[in-house]
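Starting from two chains that each stand alone, build the complex the way the hints lay out.
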Amino acid sequence: MATSETIGEELVRRGISRRALLKYSAYLATLMALPPTASKAIAAALAAARRQSVIWLSFQECTGCTESLTRSFSPTIEDMIFNLISLDYHETLQAVSGAAAEQARLSAMRENRGKYVVVIDGSVSTKDGGVYSTNAGKTNLQVLEETAEHALALISVGTCAAFGGIPHAHPNPTGAVPVSEIITDKPVINISGCPPIPEAMAGTIAYLVTFGKLPDLDHLNRPKAIFGDTIHDRCYRRPFYDKGLFAKGFDDEGARKGWCLYEVGCKGPVTYNACATLKWNGGVSFPIQSGHGCLGCSEPDFWDKGGFYRPLSASTGNPAAVVGGAAAAGIGVGIASALLVRRHKLDANKESKS
Amino acid sequence: MSLLDFARGPALEAAMAVFVFGVCWRMLSLLLLPWARDKSVARAGAPPALLGATRSFVRHLWPPRPLAPGSLFVTVNGYVFHVGLAVIVFGLAQHILFLRGLVGVHWPNLPSGVVSAAAVVTLASLLAALGRRLTNPVLKLISTFNDYFSWFVTVLPVATGLVAVSHLWAPYETLLAVHLLSVALLLIWFPFGKLMHAFLVFLTRTETGIFYSRRGAEI
Ligand code: SF4
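Here the protein sequences come in this chain order: V and L.
Each residue of the first sequence is one higher than the one before, counting from 1 in our numbering.
Each residue of the second sequence is one higher than the one before, counting from 1001 in our numbering.
Please keep in mind that the hints were generated in silico from the structure rather than gathered at the bench.
Cβ coordinates follow ideal geometry from the N, Cα and C atoms, glycine included.
Hints are supplied without guarantee of correctness; some may be wrong.
To be verified - Lysine-lysine pairs mimicking DSBU-like chemistry, simulated, CA-CA at most 30 Å apart:
id : chain 1 : residue 1 : chain 2 : residue 2
1  : V       : Lys353    : V       : Lys279
2  : V       : Lys257    : V       : Lys40
3  : V       : Lys353    : L       : Lys1140
4  : V       : Lys345    : L       : Lys1140
5  : V       : Lys115    : V       : Lys213
6  : V       : Lys115    : V       : Lys40
7  : V       : Lys186    : V       : Lys243
8  : V       : Lys115    : V       : Lys257
9  : V       : Lys350    : L       : Lys1039
10 : V       : Lys345    : L       : Lys1194
11 : V       : Lys257    : V       : Lys279
12 : V       : Lys138    : V       : Lys115
Stated by the list, open to error - Covered stretches of chain V (in silico footprint by chain L; criterion: 3 or more residues with CB under 8 Å from a CB of chain L, positions within the stretch not fixed):
id : segment
13 : 263 to 271
14 : 322 to 329
Excised from the complex, chain L in its bound form (with noise of 0.2 Å):
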């Protein structure tokens, strides 16, 4: 069996397995906890508690004006690699093709050109958020492997990725193998490490939303 045949098959196939198992575990353990109801009595004009959380949800899109000057490299750089990914992830045709082996549907793909261009911003965006975890001195502090791993996890698909469509280096069996590993590890860490915040994020907005709307509170 060649590596391409491997990445392609049984590695692909057993790191799906551990992403939608770890996801699922992970998900239900959460969400069957037994939830303290809340007994305070809500304020006069609180809104319904859906409401409320779409509220904080789409404030939280953007920070709050004290705030925005301090953070807005963070808020504008994290925008820009978390829409390359989209582009990336949806955008390729032979992402998309992958994705329609996965689950049935498929949709138009961008330009190859337009997603490479997507790639190089994302990944020039991904090296200036690690820039700034490596010299902000609190966020270093506060930075354990947990971090870095997921950095690297997401960087290291981006990067093989643009390789092997730019056919640079060494053969395209190689380049898309190793591109397809990326791919598999990034998906077994996923579960386990901070990139379940992909996920988690609807969950613990949604909780702080509630919780706060409904003692008035506009976060």
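Extracted from the complex, chain V is given alone in its bound form (with noise of 0.2 Å):
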């Protein structure tokens, strides 16, 4: 339940001191992009602030997103993230279950009638009137509309929620569609990903919270701090990209050299998030340091793009077939105008004899 408690007073309880916090609220800053002279204000903001109650409904989805929050190997974000909300209802997580799961949503909706947060992940199915996914006799179509009513925000969790994700893919047998396509008349931020950096998802609620407002958002709804740049724009094996020497497989002499992976099909260089910088399990690592190219799957559509391991720069149509058939006809056609011709010039050499 949302408490009246503020942070401040949470924290405390907690044992979780000022420093911690101050440390915490340095590298919000630093995450979302801010002047390190707003780390205090933050700080500030949230020791004041009443914790963000956040109703988290799971719709067509893996619960790889929550994995990715839950299993993040920052447990200060991880414990602070749910120090700043009060998560009044998410099935995963939740203890309770059935009619007192439901009931825990219905009541926070209405104890914080436009002040709550909706946090999405999955896609939203509506073929046949979403009846392909559905959760205490509800589709998910009908929660959604019921629960963004009186919300605050939305925000969609995973490539899923914000673009259709996996579920959306071709040939779409669920009539999956993203959240933003269904809640029109609510700000709805998109932190895509498969899963998201759980670090995007603290800091934008985190922002949320601090300051009562939307970070910047880019055209497709990401926050700008983490949608920012491309995975090929922070890439350490961007120098290898610019020399022209790139791994042909995943275990040639390239690869072992650690050199750019275009040709195995690489999407880096069309995909904004910022897993080059901020990376996973705590900093360790992310894809293409362990070798494979980036999928692009903070992208709408990623599984739709022609194949993973097809480069960037290949057509994705059927060239072969299309190339055929295009020769096929033209030589058709060369043929008949060939033979137009000579029966033109027969017949006008009949002519000129008569």
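What follows is the structure in structure tokens.
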């Protein structure tokens, strides 16, 4: 339940020092690309703010986004985020189930009307009235519309909620759509990624709590602080790209020397995310550092972009079929036009003789 | 569908279809035309047809001495941008990957810096060619829309490719999409404009070579 306790009081109760809060605020300021001077203001605002009521809805998803947040290797962040918010409803994390769980959602909505934030992971099924994904006898579509009605803002966590993700991939049998296609009258922040970087989720929620407003967003409604640069812009393999040194496979000499993974399908140049700087597992590594090209998982329709291992500069169509068909047609028309000329000439010869 | 998805998928597919269709059509309709038999008696010592054609082709690689001073710029500049274009198309890793997707074969790439340098030189050379076309009175008089548009669709992929590789001014996905669309435009125009000389030059030089070598003329 949302508590009337301030975050500062809650932290004191849990034995978290002011020094830890200041450190965390400095980290948040860096993460959200704020000036260093903002960290003190963040600390003060956070200490005085009430914990933000959050209702977390899980729709067509794999729970990877929740796993990403809760299994974060930064316990400070994980702890902090749960100190900043009052997680009033989360199907995976809450202890209660059944009618009591639904009751928790409804009472959080009632008590924090107009002030609660809805976090969604997973896309929304819309085909046949959304019957392909239901919970407690209600379709995800109904639950979303009902819960969003009096929300302050919505945060679509993960590519499924933000852009439809894997359920939305061709042929999209459930008519999956992103949250922003259903809820158009409330601010929707997209924190895409499959899963998203935990710090991106924590940072965005903390920003909302601290400043009471949305962070700067890009054209896909993603926080610019996290999604402002491409993976390629910050990739440590970039010098190899610039020199034209590419690994041709996952175990060739180039791969062993750490050359650029463009040829094996890396989508880093067109993928906006902070994996190359924040990294994963407590800053240990990220996919490219582990030897695999970027899949572009924080971009819309990443599943349908012609294949993870097809280089970006290659055509995604079916050239063999197209070229074959066009060649056959061209040869046919070429022969026909030559025959026409021959016949024309023959007729002209006959005419001139007669 | 994003602009890049459109460029990588349907746009390139359609452009390749038009290119292949147009080239096959134009080449076959020319090759299958009724050929007039050469009824002249071959001059004594005239080389066989194929040899005559090859010699003529080789001779045309450089202007004959009396004409050389006047056409030196055109010849050298022509070589510069033709070789430059070949280096760009067949030397850059990204292009080799594109071609590998089409024909299945690949070869080692050149360092990106070398290809970028070739692209700068090619651009300068193409601009020089345009400058000459606009300033030489005779050339200007005989130039048509076909000449200018063929020049334009050749320059565009070089310029957009250079910008894309340098990651200048716009997000890479936009630059790459614009570059691929400019290639699509080139492919569509290719069979129907003067760029078709890339195929027709072999046909016309062979024909002329055979015709004249049979008559004992060396051109
Ligand atoms: S590995 Fe990917 S992101 Fe890194 S430089 Fe190469 S193409 Fe760019």
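Hint check:
1. V:Lys353 / V:Lys279: violated, 86 Å
2. V:Lys257 / V:Lys40: violated, 44 Å
3. V:Lys353 / L:Lys1140: violated, 45 Å
4. V:Lys345 / L:Lys1140: violated, 36 Å
5. V:Lys115 / V:Lys213: holds, 12 Å
6. V:Lys115 / V:Lys40: Satisfied, since the Cα-Cα distance of roughly 25 Å is no more than 30 Å.
7. V:Lys186 / V:Lys243: Violated, at about 46 Å.
8. V:Lys115 / V:Lys257: At roughly 53 Å apart (the allowed maximum being 30 Å), lysine 257 (chain V) and lysine 115 (chain V) break the hint.
9. V:Lys350 / L:Lys1039: Given that 30 Å is the threshold and the Cα spacing comes to 22 Å, the pair holds.
10. V:Lys345 / L:Lys1194: holds, 27 Å
11. V:Lys257 / V:Lys279: Since the Cα atoms of lysine 257 (chain V) and lysine 279 (chain V) sit roughly 21 Å apart, the hinted pair holds (cutoff 30 Å).
12. V:Lys138 / V:Lys115: holds, 24 Å
13. 263 to 271: With 3 residues in contact (Cβ-Cβ under 8 Å with chain L), the coverage given for the segment 263 to 271 of chain V holds.
14. 322 to 329: It holds, with 6 qualifying residues against the three required.
Consistency with the previously given hints fails for numbers 1, 2, 3, 4, 7 and 8, ordered from lowest to highest.
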